[in-house]
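Enquirer: For reference, the chains in residue letters:
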Amino acid sequence: MRGALLTVLVFAPVAGALLIALLPRGAVRAQKMLGLGVTSVVFLLSLLLVRDFRTEPGMQFEVMRPWLPSVGISYHVGVDGISMWLVMLTTFLTPIALLGSWSSITDRVREFNVFMLLLEAGMVGVFVSLDLFLFYIFWEAMLIPMYFLIGIWGHERRIYAAVKFFLYTMAGSVLMLVAFLVLYRAAGLNTFDIVALTRARVDPALQMWLFAAFALAFAIKVPMWPFHTWLPDAHVEAPTAGSVILAGVLLKMGGYGFLRLAFPLFPEAAARFAPWIGLLAVIGIVYGALVSLVQPDLKKLVAYSSVSHLGFVMLGIASFTTTAVTGAIYQMLNHGISTGALFLMVGMLYDRRHTRQIAAFGGLKAVMPWFAAVFLMVTLSSIAVPGFNGFVGEFLILLGSFGRTLTGGWSTALVCVAVSGVILAAAYMLWMVQRVFYGEVTDPHNASLPDLDLREGVVLVPLVVLALVMGVLSPYFTSRIEPAVASLVVNVHGRQFVQPVAADAGAPSERGR
Amino acid sequence: MTLQHYLLVSAALFALGVLGLLTRRNAVNVLMGIELILNSANLNLVAFSRYGTGNLEGQLFAVFVVVIAAAEVAVALAIVLTLYRLRRTPNLDEADILKG
Amino acid sequence: MTPPVVDVLPAIPALILAVTGLAVLLAQAFTPRGQAAPGAPFSLAGLLAALVAVYLLAARGGGDLGGTYVVDAFSLYFHALIIGVGLVVVLLSPSYLRATGIDRGEYYTLVLFSLVGMLGLVSCRELVSLFVSLEVMSVALYALAGLHRARPESQEAALKYFITGAFSSGFLLYGIALLYGASGSTSLVAVGAALRTPGPATAALATMGTGLLLVGFGFKVASVPFHMWAPDVYEGAPTTITALMSAGVKAAAFGALLRVFGQALPALAASWQPAVAALAVVTMVVGNLGALAQSNLKRMLAYSSVAHAGYLLAAVVAAPGIGVEAVLFYLVAYAAVNLGGFGALAALARQGREPLSLDDVAGLASRRPALAAALAVYLISLTGVPVSAGFVGKFFLFRAAVNAGWTSLAVIGVLMSVVSAYYYLRVVVAMYMREPLGEDAWAPVPPSAGLALGLSAAVVLALGVHPEPVLTWARLAARSLL
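Protein chains in written order, with my numbering: chain A, 148 to 660; chain B, 3 to 102; chain C, 705 to 1186.
Treat the hints with care, since some could be wrong.
Estimated spans, in silico, between C-beta atoms of each pair [as the list claims (entries may be wrong)]:
#1 B/Gln61 x C/Asp711: 38 to 44 Å
#2 A/Thr376 x B/Thr91: 30 to 36 Å
#3 A/Val608 x C/Leu993: 39 to 45 Å
#4 A/Leu170 x C/Ala1145: 51 to 57 Å
#5 C/Arg1071 x A/Arg348: 26 to 32 Å
#6 A/Pro533 x C/Arg1071: 45 to 51 Å
#7 C/Val1169 x A/Ala574: 37 to 43 Å
#8 C/Leu993 x A/Met355: 29 to 35 Å
#9 C/Leu730 x B/Arg90: 31 to 37 Å
#10 B/Leu24 x A/Arg212: 34 to 40 Å
Don't read these hints as lab results, they were simulated from the structure.
Glycine included, C-beta positions come from ideal geometry on N, C-alpha and C.
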């Protein structure tokens, strides 16, 4: 069972998608139930991952079967402390996204559920793949359901956004495919196995090219400034479930790719490029925050805030110290939860009012008190208030990016600028909350908006609870991330970037342990 | 007469055939250009067989080519004829529905 | 003196098809005027029998007909592919022929004859029979392209196809003549042996001959700059014939190219490899950019077939190593996708019309969900996105190019794939993301065409997930060429 678990997690959604595709077109309720049922079961199964996870570095739940043996391609899956949590995030967010769009998707429900399930399979597949060929298959295959989700169920400019999303991400990843092939030839091991290739040492001059190809693919996915232009379009035009998955999980693949592939495979090149990645990350932090500040559109504001938040993630990865990378992974999870929740709530507002303009709202606190309360909690999580998960992530990143890091002499300057992003985040989020929820109800349309119903409550409560749990009980999570990160950092650059374990940050009571 | 002479004549025929094919408007002239090309190759084959290699494969080949050329022209004339019935012209540059 | 014993068994599959073709022709002659002979069932039976014969031949380990027509693993691979293409085309045909009013017996005869030519093209180890096979295939196709006698487009396509075809045959023949002059033989193996130790005069002849052969094959596989006939011919020919050309002719032409260049001309690799690489680059670029500008679906697919010739040529540069294997695998993936793509258009034909523009297929997903899904699968495979045979195929093509040291070809190839995503996706956008326009003008998908399309889609997906059996077979085939 331990061996088959990951395979089940990847392929159960595919089986579910096939089942749903076989249901008659009219059986809408059955299609929805089956979609939600399968994704929920997958989530419950994925809890076994956490239960049986051993707090140690190295791959677990590994399976390796020959697939195309003559070329050295195998079906190799496994998770470590880095990827396990991202798998969890995926399985957690998918049923929530489905339930969140329970009543807003009315057209072609069957196809919607099929694509959501295929998307889940692709995302889980990316995080568990330990073979480059397998990784690339999931990485690219996932574009198709996302493309349909945006293009069919999106808003006014959905076709433009869908095509832009597809072309942008595909353009980024095809060069990575060539880099795979060149790496395969240069390593001379006759294998596409990621674990084996990580041990191979590639000529540093060639590393630069390969790293650049990988970095382009991942930077577009993250997205890092200046490769972010597809993101606002895709996020704004996508249906709510699409935005949740896009922001919650898809963007994490970029950061994950840097950690799993680009940095370990090409250490010398990573060291050369790290300061520049850090610089772009910090530019992204400030740029995203400034654009968010002036956004009149709620969904766009959340979209640009993603650019800013993922800048923190990338700063942590570029710094490449144990603390910073742990923080980066933590921040990826946080961002998935808080931004997922924000997109869901913006979607709920849109369902009620059919507008996303901040100016159209005002005084909602009096009309929808529960909604306002939940929104405020999510906002606090997003702007990293202590006690919430966001604080732990950003704190670890900033702490770990200080001093002796892979960004070298730039580290202090980068951190100083990044801190301004924290302040700006508080500014644009709180200002938005103030304009939407406080003050007088100026527009009569807003006077009778219904508050959260039961379904919406069920969708949002797990997210808020998790945000709090991850804020208070962070050691539970970081202690499981840290060993994998430490071994990654040591394997790539030796012990120089290992910092004292930071698992206790955000939870001072544990310090005496 | 040496091999070189034959090769030169053949090359000239080939060039004439290509030229005819590229410049002529009338479909029948174009077909004649194609015949020239095929026969220039035939001349080569026979000349190589006679002066170069000493075996008969080339001459054998030439016979095959003559037969094939006849078959080709039969089909080609049928096509030209149907087109002529539809369009009332043997000129190729007036066959211009397909483009883009 | 006893005549030499000739083993005719290797030619049995081709003979079966030829005899079936004659039988269909006779049946048509004995059918009352105005009625159609049962050409499709006859042809299906013949093709299935030929497939069985191929299987038995494979079990027997191939064979050799007097050194000219050889059935080795390489030919067997192509036999199976070409007969498979024939089966799908015949399945697609009856409904299309009825819808366009060209349901006549000679259609199937000509299709079978062209298949015979293709079988010969991939099996001949001797230049005379190679040329004869090429002409058997081509002459049948000239007639097929012009089968729609009442439509000027069809006649124009036939004429253009004939002129470029005969032109390229002439180049090929001239090249063959020069190779014969250089080596004194028309047997591929003997040519290869003779060119390994050339004198100065022979070297010049052989290089010129190789260049002319490359031009000739360039026409046949529709590589830029010898591609200008492809869009016109693909558009004007009956759609099922277009499917046959894009899947069958391309496969057979690449088969012959690999055999000739791999067996007769390896000694000249240093001089033809850069030329093929240059052809590959311009073909990939011009084919894809040309497809971008098309609004007619058949023309778009025609340019895409040009572009795919470029991807294939990129791996031919890496022949005779893993390049051959990659080309063989990709030809299967490509054949399935093109049969599906053109077949889907043909299946919708009604009263002489078929969907040709993006508006024609707008909202197809709601009216013909299964057909739209299949077409989306083909288009995704053409783009080269997993999970599809097209992705696996491109992966191996570009791997071959990279391994042979032509990384730049792979880079251009993948970038052009991104360009291609734009025009392929336009069709998916129209089918899935736009509302249908006006009344439903298209035919319901006929069962036999549905079977053919389903088969193609199944092959595309199956090869995307589990390519190992076909890859292994392709590897065996590639080895038999050495």
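Enquirer: Against each hint, give a clear statement of whether it holds in the structure.
Expert: Hint check results:
1. Evaluation of the 38 to 44 Å hint for B/Gln61 and C/Asp711 yields a failure: the beta carbon distance comes to about 27 Å.
2. Our hint of 30 to 36 Å for A/Thr376 and B/Thr91 is violated, since their Cβ atoms are close to 54 Å apart.
3. Range check, A/Val608 to C/Leu993: Cβ separation about 53 Å, and the 39 to 45 Å hint is violated.
4. The hinted range of 51 to 57 Å is not satisfied by A/Leu170 and C/Ala1145, whose Cβ atoms lie roughly 30 Å apart.
5. At about 57 Å, the beta-carbon gap between C/Arg1071 and A/Arg348 misses the expected band of 26 to 32 Å.
6. At roughly 57 Å, the beta carbons of A/Pro533 and C/Arg1071 sit outside the given window of 45 to 51 Å.
7. With their beta carbons about 50 Å apart, C/Val1169 and A/Ala574 fall outside the hinted range of 37 to 43 Å.
8. Between C/Leu993 and A/Met355 the beta carbon distance is about 30 Å. The supplied range of 29 to 35 Å therefore holds.
9. Our hint of 31 to 37 Å for C/Leu730 and B/Arg90 holds, since their Cβ atoms are close to 36 Å apart.
10. A beta carbon spacing of about 59 Å between B/Leu24 and A/Arg212 contradicts the range 34 to 40 Å that was offered as a hint.
In summary, the structure is inconsistent with hints 1, 2, 3, 4, 5, 6, 7, 10 from the numbered list given earlier, while agreeing with the others.
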